[in-house]
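So the chains spell out like this:
2 protein chains.
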Amino acid sequence: MPYAGLVRTVTVSLGNRSYAIRIGRALIGRLGKECEALGLGRRCVLITDANVARHYLEPARIALATAGFSVEAIVLSPGESTKNLRTVQACYNRLSRARLERSSFVVALGGGVIGDLAGFVAATYLRGISFVQVPTTLLAQVDSSIGGKVGVNLASGKNLVGAFHQPRLVLADVDALKTLSDREFRAGLAEVIKYGIIFDSDLFERIERVLPRIMVRDPRVIAEIVARCCEIKASVVSKDETEGGLRAILNFGHTIGHALEAMGRYRKYLHGEAIAIGQVAAARISSRLLGLPESDADKICHLFERVGLPTKSPLSARQLRRVLEIMSLDKKVAGGNVRFVLVRRIGEAVYGQRVPENVLMESLKQQTGPLSKS
Amino acid sequence: MPYAGLVRTVTVSLGNRSYAIRIGRALIGRLGKECEALGLGRRCVLITDANVARHYLEPARIALATAGFSVEAIVLSPGESTKNLRTVQACYNRLSRARLERSSFVVALGGGVIGDLAGFVAATYLRGISFVQVPTTLLAQVDSSIGGKVGVNLASGKNLVGAFHQPRLVLADVDALKTLSDREFRAGLAEVIKYGIIFDSDLFERIERVLPRIMVRDPRVIAEIVARCCEIKASVVSKDETEGGLRAILNFGHTIGHALEAMGRYRKYLHGEAIAIGQVAAARISSRLLGLPESDADKICHLFERVGLPTKSPLSARQLRRVLEIMSLDKKVAGGNVRFVLVRRIGEAVYGQRVPENVLMESLKQQTGPLSKS
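Quick note, the sequences are listed as chains A and B, same order. Read left to right, the first sequence gives residues 1465 to 1838 (this note's numbering). Read left to right, the second sequence gives residues 1465 to 1838 (this note's numbering).
Hints may be right or wrong, so weigh each one.
Dumping the calculated DMTMM-like pairs for lysine to aspartate or glutamate here, alpha-carbon to alpha-carbon at most 25 Å [unchecked claim]:
#: 1; chain 1: A; residue 1: Lys1703; chain 2: A; residue 2: Glu1672
#: 2; chain 1: A; residue 1: Lys1703; chain 2: B; residue 2: Glu1705
#: 3; chain 1: A; residue 1: Lys1642; chain 2: A; residue 2: Glu1672
#: 4; chain 1: B; residue 1: Lys1763; chain 2: B; residue 2: Glu1648
#: 5; chain 1: B; residue 1: Lys1763; chain 2: B; residue 2: Asp1664
#: 6; chain 1: B; residue 1: Lys1703; chain 2: A; residue 2: Glu1705
Hint data in this document are derived by calculation from the structure and do not stem from the laboratory.
Pulled out of the complex, with its shape left as it was, chain A reads as follows (with noise of 0.2 Å):
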């Protein structure tokens, strides 16, 4: 199988602070070697959750250890709501019994929820300490993992605390996908095809053309498809690592995902499924607004249903009016307004744009009536 040998290197170009993204097969089992060409301390602690433990903990564990390394390992409960500074508290009582020191490193294995936390932990333990991410699920390795944004929820709202922490590393180890439950694949596909409409019609329309192979996680497609993300979000973050302009672009659909998020208490929906309803209503303010051609918006829709994700949410109006309050907390607000980012035509985003009230009411009203039946 010449193709598990085969690794594709994305640079993450932030000066002293630059970093490796590596995509490919059977990475996990070269995690100590690539510990070790980056001259890490002896001790690390590997931060997990109880999903991701049953598959990828041992191999973890075993290559740490084959390279010489001292591993802890904290094993969390699954789920956004271990997302918070409780997890974080005990994260750090568990550092310093394993005696970290600032030379130590921790190992984020997971998704999202694992790699923000173990980054948080990471960034404030003894003023930061350098951790390792090693992304389980399709959105981590397209999104989460790279980009050094890390945090916690606060009851108030999503990633309310957090840094800027840039990991060493990123192995994205595509075998991990396998063990995806369905649902939680089809909501990574959600920012894969976020890189497509903000970024690269190419990349939108491969993935149109190609979403039969990547629904059955064919390895070759799938590697291919998440090294053009993460070399989209590369080059965004070396341009722009602390959002100070361009880097917003990647929160295309996330302003009204975040509130949806939030509306469910984060169970109701995933991160990517209330992204995907949260990029159509952007779709739909975009053509609106910045005259992004109806079919667009409908080729975009059309693309999240082929994938089997939501495009819309019934709400009531009490939620509905709960969902602006939610925007209104958003880390986005400046001056007291709520910013979007629109696209132009598919492939060019805005970022910075004001939507009227009534702009934003309307499109959400449409957007969460009931659910369509297509």
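Start from chain A and add chain B according to the hints.
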């Protein structure tokens, strides 16, 4: 009173994160104008403690409100035991309720505990918002408010959780020192003397000479001394922001000092008291290992005694072992070895020094015998 108008400015040079430290009298009344000049957003949260609030909350609030800022105040319990993650969580909730945005800012009005905690809140809320330091203790004015080290304690050790987050401005109003207790004021002098020992023998001698005027808190003398300390700290931090090397010299006396503080559960010693003992211990070790003349170690010990600071700590054999154990958990540990800052002569420190365990043990035993009656 022409002197009241004299404001010294020291700049911490860190590229686009550079900022001014202003030292002088009646500066709290200028807080609003200074924040306005920085172009900060209109909303801020002021974090302080009940002791400081009694004297300075209203003047600070009025200064900010007069300049058009909307101000929410958080008044915390005084003391090191407030500096924990529970308090941080409570602050996040208040910031969220006050609808702080990315352009909003936090004002830290108080001593080291308030500055460290409020700075950590600012460093991590919305992945980092601006903050302004208004240090009201001598220790905070010459040390903790400058340089961006922020954080909180864990049960297992001091400052184990934190970040580097530079303030946008430091406003050191020396008039605020007049309400300090004698004990707090003396504790602050431990850091002042430290700058002389590690960096500036002229400063050390000046302190020896003018100590009586310092002790009566002559604002003219104090302002000069505070400004010199700020210059030294600013110069060290500008060269080594994240303590890759040189900045470590600022930790002179701190490894032993922190362990003594932790062992006394942050109740027995003020920080300055603990590091006075730690500095005398480090001077004695310096004589044994680096040839610091015994007479210089005596001068150091004598100056702390004149100030009225402790130079010894009576400990049982069991407590002594506990101190060594706590030291091994210190952030400054590398490869399992505690590293020390030592001095070759007054005014010249070296960092990263290994101290053989027997030397450390003997020096500690000498240092931790019964209190001298001098």
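Going down the list of hints, with the structure as the test:
no.	hint	in the structure
1	A:Lys1703 / A:Glu1672	29 Å, violated
2	A:Lys1703 / B:Glu1705	23 Å, holds
3	A:Lys1642 / A:Glu1672	21 Å, holds
4	B:Lys1763 / B:Glu1648	23 Å, holds
5	B:Lys1763 / B:Asp1664	15 Å, holds
6	B:Lys1703 / A:Glu1705	23 Å, holds
In the structure shown, a violation is registered for the earlier hint numbered 1 alone.
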